[in-house]
Amino acid sequence: MFWEQWAYRSRWRLIHPGAKGLVALAAFGSAFIASRPGYLLILALVLAAATIRGGGLPWRVYLRALLPPLAFLLVGTATLAVTVQAGAGFWPLAVGLEPSQFPQAVLIGSRSLACLTALLFLSGTTPLNDLLVLLRRLKVPQVLLEIMTLGYRTIFIFSACAQDMTMAQKSRLGYATLGAARRSLGNMVAVLATQIGARAAAMTLAAAARGSDGPLMFLDQEFPPGRRSFLVALAAALVMVSAAAVAS
Amino acid sequence: MIRPMTPPFLALEAVTYTYQDGSPGLVDCSLAIARHSRTAVLGLNGSGKTTLCLHLNGLLRPQAGTVWFDGAPMDYSRAGLKNLRARVGLVFQNPETQLLSASVEEDVSFGPMNLGLPRSVVRKRVDAALAAVGLTEAASKPVHNLSFGQKKRVCLAGVLAMQPEVIVLDEPFAGLDVPMQRELQGILERLGQQGLTMVICSHDPDFAYEWADQWHILAAGRLAASFAPEQIPTALPRLAELGLGLPKVAELYKELVASGRLTAAAAPPRGHSDLLARLRQTAGSKCQPAAGSEGRSRK
Numbered sequence: 057m058f059w060e061q062w063a064y065r066s067r068w069r070l071i072h073p074g075a076k077g078l079v080a081l082a083a084f085g086s087a088f089i090a091s092r093p094g095y096l097l098i099l100a101l102v103l104a105a106a107t108i109r110g111g112g113l114p115w116r117v118y119l120r121a122l123l124p125p126l127a128f129l130l131v132g133t134a135t136l137a138v139t140v141q142a143g144a145g146f147w148p149l150a151v152g153l154e155p156s157q158f159p160q161a162v163l164i165g166s167r168s169l170a171c172l173t174a175l176l177f178l179s180g181t182t183p184l185n186d187l188l189v190l191l192r193r194l195k196v197p198q199v200l201l202e203i204m205t206l207g208y209r210t211i212f213i214f215s216a217c218a219q220d221m222t223m224a225q226k227s228r229l230g231y232a233t234l235g236a237a238r239r240s241l242g243n244m245v246a247v248l249a250t251q252i253g254a255r256a257a258a259m260t261l262a263a264a265a266r267g268s269d270g271p272l273m274f275l276d277q278e279f280p281p282g283r284r285s286f287l288v289a290l291a292a293a294l295v296m297v298s299a300a301a302v303a304s
Numbered sequence: 007m008i009r010p011m012t013p014p015f016l017a018l019e020a021v022t023y024t025y026q027d028g029s030p031g032l033v034d035c036s037l038a039i040a041r042h043s044r045t046a047v048l049g050l051n052g053s054g055k056t057t058l059c060l061h062l063n064g065l066l067r068p069q070a071g072t073v074w075f076d077g078a079p080m081d082y083s084r085a086g087l088k089n090l091r092a093r094v095g096l097v098f099q100n101p102e103t104q105l106l107s108a109s110v111e112e113d114v115s116f117g118p119m120n121l122g123l124p125r126s127v128v129r130k131r132v133d134a135a136l137a138a139v140g141l142t143e144a145a146s147k148p149v150h151n152l153s154f155g156q157k158k159r160v161c162l163a164g165v166l167a168m169q170p171e172v173i174v175l176d177e178p179f180a181g182l183d184v185p186m187q188r189e190l191q192g193i194l195e196r197l198g199q200q201g202l203t204m205v206i207c208s209h210d211p212d213f214a215y216e217w218a219d220q221w222h223i224l225a226a227g228r229l230a231a232s233f234a235p236e237q238i239p240t241a242l243p244r245l246a247e248l249g250l251g252l253p254k255v256a257e258l259y260k261e262l263v264a265s266g267r268l269t270a271a272a273a274p275p276r277g278h279s280d281l282l283a284r285l286r287q288t289a290g291s292k293c294q295p296a297a298g299s300e301g302r303s304r305k
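If you read the protein sequences in the order shown, they are chains X and V.
So for the first sequence, the working numbering puts the first residue at 57; every next one is plus one.
So for the second sequence, the working numbering puts the first residue at 7; every next one is plus one.
None of these hints come from the bench; they were simulated from the model.
Check each hint, because a few of them may be wrong.
What the hints assert, rightly or not - Below are the DSSO-like pairs computed for lysine-lysine, each with C-alpha atoms no more than 27 Å apart in a straight line:
1. X:K195 - V:K130
2. V:K88 - V:K130
3. V:K157 - X:K195
All values derive from a computational prediction rather than experimental measurement.
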């Protein structure tokens, strides 16, 4: 949620999401084409720098978003270089490093890192609502878009609701002990689950009140003329894909 | 002069609605709302105000009785409801249930898009509606970053963008602080001046007394009483009986008239500032010395 809030404040928020999507897509493509870890690490660094410097995000905020998936990535990559064999003697299993797997692990790790920074570039400069505009233009099925729109809206409603309930429970010592915390959490989940139905019914009623009898239709947000940003994005995309071809 | 009889713009005739859990929503309720009027529907919690709002927008259908709109029984066909909802807008009490999109301008565009208008027209309507509620600057903001009062105004803009003839507002001031209430009252005042028919369900007798030109009071799903504002000062005991708060201005005016500090007027003051002005005027005229008296006193 904090990441999404920063996306709304990004300097590049008003750049057409199509241009930013093109850069992210080219970065993904480039990461899959390239086979040299050095290039992939440079690509990740450039994308991170663009998100921080260009998008105007504080680097601490960026790290806060990057570190959790990076930890998963490091663990996942490390396991690629580990072998587990039936042990001899006292130990039933022998765990060891497999040097022959190192290049593969480093390549997959650096490729994943480049993809991760590409994703952070797009999501850190483009709130989901703006991405929905892009997806509508790309003719993504209406049902999926409606689910995304309502899901995105309700995430914030339920998050605020859960925060209020947690606070109310805390004020009555609901989290004073481990047992109480377990009960409070269970109660909160149960109440939220029942509220989902009521909220869904209320939203359906509200939509009907404004003349809706089927698909949810909205006017797309308008972005400033994007010819220049598309040209810049296209140039960046060409550079990334060409460099990746050289580094493959 | 004999006034021509005109059918009410919106009316409930002996409407009954009971919810699935058996709780009564409306019970044999009949009331009328005139075109271009400002109607306040007052009542305690559970008196049927929200059920009434849902009937006026065709979201609930009476189990008995008839809802009349523009001289004809309400048409509950798909086309009839679409036409009704284009002409009668409803602003819900809780903005969180009304706002469907996370973007302000997208949400405001939802109603006009459902009317099938061209995008250029929708764009103009969205801009005008956001300007009317003073939220032009917030057009591209996410809904979840707005204050509660701003969310309420987005809801109102979402209905205004459909350019209805009637706006029904369910508890528009619930949860708003005093400055936000004043801001919203200013918006409603401007809308009233544009000739919109407005129906507001409220707990606030002070606001209703100052703003409305017709009161309908609901109790246990029934219409308990209807008053024109000039009848309120004499109807205070009945209001007290119904458990509603009394409008302070009406109460004070009655006391001032009874104690001889103010003279009774055909149109009693409805707002605090009006009452103050009349008091000052009366005090001023009492302080004015009679002709020749000043000269005598100086002698």
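Hint check results:
no. : hint            : result
1   : X:K195 - V:K130 : holds, 25 Å
2   : V:K88 - V:K130  : holds, 21 Å
3   : V:K157 - X:K195 : violated, 30 Å
Checked against the numbered hints given earlier, the structure breaks only hint 3 and satisfies all the rest.
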